[in-house]
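Colleague: First to last, the protein sequences are chains A and B.
Here the first sequence is numbered in the UniProt record's numbering, starting from 1 and rising by one per residue.
Here the second sequence is numbered in the UniProt record's numbering, starting from 1 and rising by one per residue.
None of these hints come from the bench; they were simulated from the model.
Keep in mind that a hint or two might mislead.
[As the list claims (entries may be wrong)] Here are the computed lysine-lysine pairs in the DSSO-like style, where the Cα-Cα straight-line distance is at most 27 Å: (1) 177/B / 250/A; (2) 82/B / 147/B; (3) 250/A / 147/B.
[As the list claims (entries may be wrong)] One side of the interface only, derived from the structure: several residues of chain B facing chain A at Cβ under 7 Å: (4) 125; (5) 152; (6) 155; (7) 193; (8) 384.
Computed from a prediction, not measured in an experiment: that's the story for all the values here.
We put the beta carbon where it would ideally sit given N, CA and C, even for glycine.
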Amino acid sequence: MSKIYINGISSVSPQSEDIYENEIPQTYNENILPAINIDYKSLIKPMMLRRMSKAVKMGLYCSKKALQEAGIADPGAILVGTGQGCMQDTEKFMSNMLESEEGLLSPTSFIQSTHNTVAGQIALDLKCKGHNMTFTQNSASFETALLDTVLLFEDEQVQNILVGGVDETSEEFTGFQKLDGQIKEASINNLDLFASGTSGTIISESAAFFTLSSEKNDSTYAEFKDVQIINKVEKSDLISKIEEFLSRNKLRLADIDAVILGRNGDSRFDHYYEDLQQGLFAEKCQVGFKHLVGDNNSVSSYAFWLASKILKEKRISQIFKLNAVNCNAPRNILIYNQYLGRNHGLILLQSH
Amino acid sequence: MRGVAVTGMGLVSAIGNNIVEAHTSLKNGKEGISLPEILKTGLKDLPVGEIKLSNSDISNILQLPDDHSYTRAALIGTLAIKELLSNSGFDNFPEDTGFISGTSIGGIDKTEEHFHNYKDHPEYRKYIQAQHPGFTTEKIAEYFGLKEVVTTISTACSSSANAIMMGARMIESGKLKRVIVGGSDCLTKFTLNGFNSLKILSDQKSKPFDNDRNGLNLGEAAAYIMLEARELIGDKKILGRVSGFGNANDAFHQTASSENGEGAYLAISQAIKKAKLSASEIDFINAHGTGTRNNDLSESVALKRIFGDTVPDFSSTKAFTGHTLGAAGAVEAIFSLLAIQNAEIYPNLNFNSEMAETGLVPVTEFQKKEIRTVLSNSFGFGGNCTSLIFQKDE
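Chain A on its own, in the form it takes in the complex:
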């Protein structure tokens, strides 16, 4: 199989993309974080924008940016991970249906409610007729899209693949996540997330898309090496899973320079990360991101964006660091994420 290079990246999240350089965070004092306002009009026609839900807007915008950066007009495939899909339109259609007691309904929100609306709309906009897939496995959704990326490159049918993760929030459905304890009860400041000591997390909307290519070019950020998903793992077995993953990529633990961890401040499940931070990864530069961009089912795509930045810039922006270990010229980065103790994902990136 050819190597897989990350040649274009783009993210929309509760933070500006400039945060990596200027280290000025947006702070929030509520537990549901919106993505910051973006000039969507710069890339999407206003008439189209009016009809689009947030997930479609964010996904299409990031797709165009990531393709532009890589200098690609028509990727061979479009792969999207979204754990919760187009919730806003789903909620709209469901509310109308329940309120009207199954009365006369407009089909518009139903049409846009399917999980593959984002991938379909990107294909429609780009007139891309290639392989088009949508993965919806909770916090392993983006990771599954990466898995499909590897399979497609192994097949050597395509040279460029657009892959991304996107999740939006919606008023009622996201609100339900407060009721079942997924979202913290008391409002916190996002920068205090890791010290909160309470159950639940802060939920956000975000998107991050990437142009992955079999050839490197001037814009190449890094090489995407491998991905693994594990639905359920005993904490005692997690270390051996990580070691197996590294050894299958012919790496030893010592080769890993930095780890990006999906800590989300949930006192019930952060021990998965804390044990690694104090044990296996104690000597590694540890990086977090959910104190800045919150948590959602495809936010590991933001970690992928972050790892790409780190490997291109060859330094780790202070604002993301979880410990004092320094890392000059990072070469191998491991991303580990899970949600509610399920759907664990491992992603490996390497400088090119």
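Assemble the complex: chain A is given as a structure, and chain B must be docked to it using the hints.
Modeller: Chain B only, in chain A's frame:
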């Protein structure tokens, strides 16, 4: 022998709670279309393909605890895989078995049931996470102790066809040695009202490929097959092989198919190429054939583009089961495998007159005929088009 071996299967649909029942129905032309009884909906006059088992019936069969949080799609999915387990040669699935499930709507049945209850009734909050497709997949995985690669594809009506494709590619690449693939979707008010708002539901039994077709009937089903790598098979019976697959996007409209059937044409072409076949080697086509004006015309045009004036025998089985959305690709994969194993063609019901535009006539009576190669089509919203090719193991 090319292709990935199929070594087990399980199916629950409106024409039977297991494969033997479904097979009998197919042979006897006995469809499963009725008015909704289990689904509580105001749209009482729209025919559907409903599984006549209530959630509590299935919970009892599966011996689930009273406080379980299985969605209906998880219940029928588990029932189907229980059957697969019984004919797969395993007492329990080995731990390294992967699971890739396709679903269009996952657990939205629970959201529509409890939308107004969550606030004041904490006992229903176990279903809040159930709305999202991954939850249903995980519930099925839990029942069988599957813990490793467990994931979900949601591409509307091609979801389970895509799950089969991804599973086959995982086996080919060596990333998995054994994987359960397929899908599950149940009837919900959400989808029934949604398709009704699009005005593509028929108030009669659907008539795929008929000139006077006037829409589809929704259905519900769960269908799964097991794929295994060559080195694991030993003397196991191989039910057939997945030898070709292709996915393409129509890139035409969010819900409507293009007039020239471009997405379908590309998907079928890729599948035939992948299987290293020529079009003339396809013995039978299990068409997507939903019974809508738009799909059946677009699909017919695509078939004529591929096969010219010699379109092979084809039929749509949607008039038997209803359109089971995300499960349809896997349901029809099993029908394709049954056709291969038993040398049979199952009829396209309710057909009277050919479409004026294409003149294509499907097979309308049950037939005995040797079938070595089947093309199965599944097309979905978002322009998603998938074609699979199943071949006899020989």
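Colleague: With reference to the structure, classify each hint as holding or not holding.
Modeller: Now the hints, each set against the structure:
no., hint, in the structure
1, 177/B / 250/A, "holds (21 Å)"
2, 82/B / 147/B, "holds (17 Å)"
3, 250/A / 147/B, "holds (25 Å)"
4, 125, "holds (4 Å)"
5, 152, "holds (5 Å)"
6, 155, "holds (4 Å)"
7, 193, "holds (5 Å)"
8, 384, "holds (6 Å)"
The structure shown violates none of the earlier numbered hints.
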